[in-house]
Amino acid sequence: METKPGHKGHIGHVDQVRTRYTKFARGKLTFIAVGFCILFLLMIISVYVGTANIGLKEVIWAIAARFIPSVPKNSLYYSVIWHLRLPRVIMGVFAGAGLAASGTVMQAVTRNPLVSPFTLGISSAAALGASVAIMFTMSHSLMVSGKFIIIINAFIFSLLCTLLVFVLSRKRGNSAEALILAGIILMYFFSALTSLLQFFASEQELTAMVNWTFGSLSGSKWDEILIVLCVLLICIPIMMWFSWDLNAMIAAGDEEAATLGVNTSIIRNTCLIISSLITAVIISFTGIIGFVGLVAPHLARLVIGGDHRFLLPASCISGAIILILADTLGRTIVSPMIIPIGIVVSFIGVPMFIYLMMINREEYWG
Amino acid sequence: MSFRVKDLSFSYGNKRILKGISLNADEGEIISIAGPNGSGKSTLLKCLNMTLKSQGTIFFGDINLKKMKSRQRAQLIAYVPQNISGSFPLTVFDMVLLGRRPYIGWRAGARDFAIVSEIISFMGLSHLMLKNYNRLSGGERQKVLIARALAQEPKLFFLDEPTSNLDLKHQLEVFACLKEISKRDGISTIITIHDLNLAAQ
Numbered sequence: 001m002e003t004k005p006g007h008k009g010h011i012g013h014v015d016q017v018r019t020r021y022t023k024f025a026r027g028k029l030t031f032i033a034v035g036f037c038i039l040f041l042l043m044i045i046s047v048y049v050g051t052a053n054i055g056l057k058e059v060i061w062a063i064a065a066r067f068i069p070s071v072p073k074n075s076l077y078y079s080v081i082w083h084l085r086l087p088r089v090i091m092g093v094f095a096g097a098g099l100a101a102s103g104t105v106m107q108a109v110t111r112n113p114l115v116s117p118f119t120l121g122i123s124s125a126a127a128l129g130a131s132v133a134i135m136f137t138m139s140h141s142l143m144v145s146g147k148f149i150i151i152i153n154a155f156i157f158s159l160l161c162t163l164l165v166f167v168l169s170r171k172r173g174n175s176a177e178a179l180i181l182a183g184i185i186l187m188y189f190f191s192a193l194t195s196l197l198q199f200f201a202s203e204q205e206l207t208a209m210v211n212w213t214f215g216s217l218s219g220s221k222w223d224e225i226l227i228v229l230c231v232l233l234i235c236i237p238i239m240m241w242f243s244w245d246l247n248a249m250i251a252a253g254d255e256e257a258a259t260l261g262v263n264t265s266i267i268r269n270t271c272l273i274i275s276s277l278i279t280a281v282i283i284s285f286t287g288i289i290g291f292v293g294l295v296a297p298h299l300a301r302l303v304i305g306g307d308h309r310f311l312l313p314a315s316c317i318s319g320a321i322i323l324i325l326a327d328t329l330g331r332t333i334v335s336p337m338i339i340p341i342g343i344v345v346s347f348i349g350v351p352m353f354i355y356l357m358m359i360n361r362e363e364y365w366g
Numbered sequence: 367m368s369f370r371v372k373d374l375s376f377s378y379g380n381k382r383i384l385k386g387i388s389l390n391a392d393e394g395e396i397i398s399i400a401g402p403n404g405s406g407k408s409t410l411l412k413c414l415n416m417t418l419k420s421q422g423t424i425f426f427g428d429i430n431l432k433k434m435k436s437r438q439r440a441q442l443i444a445y446v447p448q449n450i451s452g453s454f455p456l457t458v459f460d461m462v463l464l465g466r467r468p469y470i471g472w473r474a475g476a477r478d479f480a481i482v483s484e485i486i487s488f489m490g491l492s493h494l495m496l497k498n499y500n501r502l503s504g505g506e507r508q509k510v511l512i513a514r515a516l517a518q519e520p521k522l523f524f525l526d527e528p529t530s531n532l533d534l535k536h537q538l539e540v541f542a543c544l545k546e547i548s549k550r551d552g553i554s555t556i557i558t559i560h561d562l563n564l565a566a567q
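Residue numbers (the numbering used here), protein chains in the order written: chain S, 1 to 366; chain G, 367 to 567.
Be aware that one or more of the hints could be misleading.
Claimed, not checked - Some chain S residues close to chain G (C-beta under 7 Å, calculated; not the full set):
# : residue
1 : 30
2 : 250
3 : 256
4 : 305
Said to hold, decoys possible - Calculated lysine-lysine pairs in the PhoX-like style (CA-CA distance at most 25 Å, straight line):
# : chain 1 : residue 1 : chain 2 : residue 2
5 : S       : 171       : G       : 372
6 : G       : 497       : S       : 171
7 : S       : 147       : S       : 171
Source of the hints: derived by calculation from the structure; they are not laboratory data.
Where a beta carbon is used, it is the ideal one built from N, C-alpha and C, also for glycine.
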């Protein structure tokens, strides 16, 4: 029943509008809270599940033993939990959340639902950086400090790629289209260089290079996790601060958004730099984990809508859940072998994406 | 305070679109700019709301609009564009809430929600308030954009062919609405249209 515009209606009607919206917003918060609980549950299940058969009670004792000295400590279980399982689960959560946040923001800022954190070529650049480092460390037999060099180099190359993307698209005013185009060009370029390197590499080097690109949580260390956490703690609040601007940017073109007081080029450039930073840090440690950055925002948008105040946290949660599921699967399917997470995520990601394409076509994004 | 434009000129590269345009608008006054398609009406509006850089002076009272910061300007000028852009999953309420962006820092306050609720009720959009914007008809979308512009609490209201997607009934409703709002809140309104009959309204 439509009311005519200009019909003031008495105060009660306006209050109704207000209350309906409050309920709506609360519903979204509830969803997010439930998501958190599901994530937490999955984390516990993931730590419990594994090749070494550890009972649930023993898991709890092993975790408690670190904090409460009086608890009896089984050194085998303690090692497995604290050096193998907890690191990979927690790194998985942070990596999933970071990549998902990255993807969400990039999709908003480019107004393009097909964009992922890797659209600007970062993954290819990181792979090249890692390959160069692998060749270098292996030819100089620097195996011990080798991993450190690989991480740093992958990171440097990622940042270099981001810089190049901005430089290349400057002529076109760093518009969304120009940035994406530059990213694609650089992706091909870096991929070609990586392939060249692989062509000349020895068998041992080649194996290491290819393995790096699979993406893995197996080597996760606590200091790496700390670094990722710090980056997330700085960057995600910044993204949340931009929520209103991101909403404005998806709701309007650059010109229209400017009339709402939104400085679109500053927002776009800042967000792309932050996204690239988060992505670069994560994949330098884990190798290439694709799909999460693309799919998680879409899944979250389906449940919670496009309002970034709620979408960002929801994306982070769905990204974390996806990675934990993928990791648990990868560890159990052909136990005791561990299928690298980058591979499992791609397999899970494809049916998810097909599902997204089949349902609700009109509703969630054009 | 009145809105005064003097000697406005604009060119796209070498092509001169606007030359020496001057106009005045008082509080509560509605000005219609009529003309055939391609005559530069949209360009004029874009120059007026500072989307395009033009030559000439644009003042509101004694405030030089060209020297204003983007956010303050958004609190003064509201713009309803001609093309209804894209499709995206934002509810009508959230869309109108975007009009409060120039006033919101970290969180939207009670006043922001109150204003949006009132506007939605006033414009007859309450039955659509939680519907996704991209599910609406052209006419409904236009109303939402006008509501969003109103949420900015502007003193200047620029609309680019605001009724081109509406049927006659809605066109008349929207104009009646604009007339009432202009008078009630003392907003100077500039509308571009290509239908002289409507201009007469």
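Cut-off 7 Å, beta-carbon criterion: hint that residue 305(S) touches chain G: holds (5 Å)
25 Å limit on alpha-carbon distance, applied to hinted pair residue 147(S) and residue 171(S): violated (38 Å)
Residue 497(G) paired with residue 171(S) [C-alpha distance capped at 25 Å]: violated (40 Å)
Residue 30(S) as an interface hint toward chain G, with CB separation required under 7 Å: Result: violated, 16 Å to nearest chain G Cβ.
Residue hint residue 250(S), partner chain G, criterion CB-CB below 7 Å: holds (5 Å)
Supplied contact hint for residue 256(S), tested at 7 Å Cβ to chain G: Holds: closest Cβ of chain G sits about 5 Å from residue 256(S), inside 7 Å.
Restraint check for residue 171(S) with residue 372(G), where alpha carbons must lie at most 25 Å apart: With a Cα-Cα distance of about 33 Å, the restraint between residue 171(S) and residue 372(G) is violated, given a limit of 25 Å.
In this structure, the hints that do not hold are numbers 1, 5, 6 and 7, in rising order.
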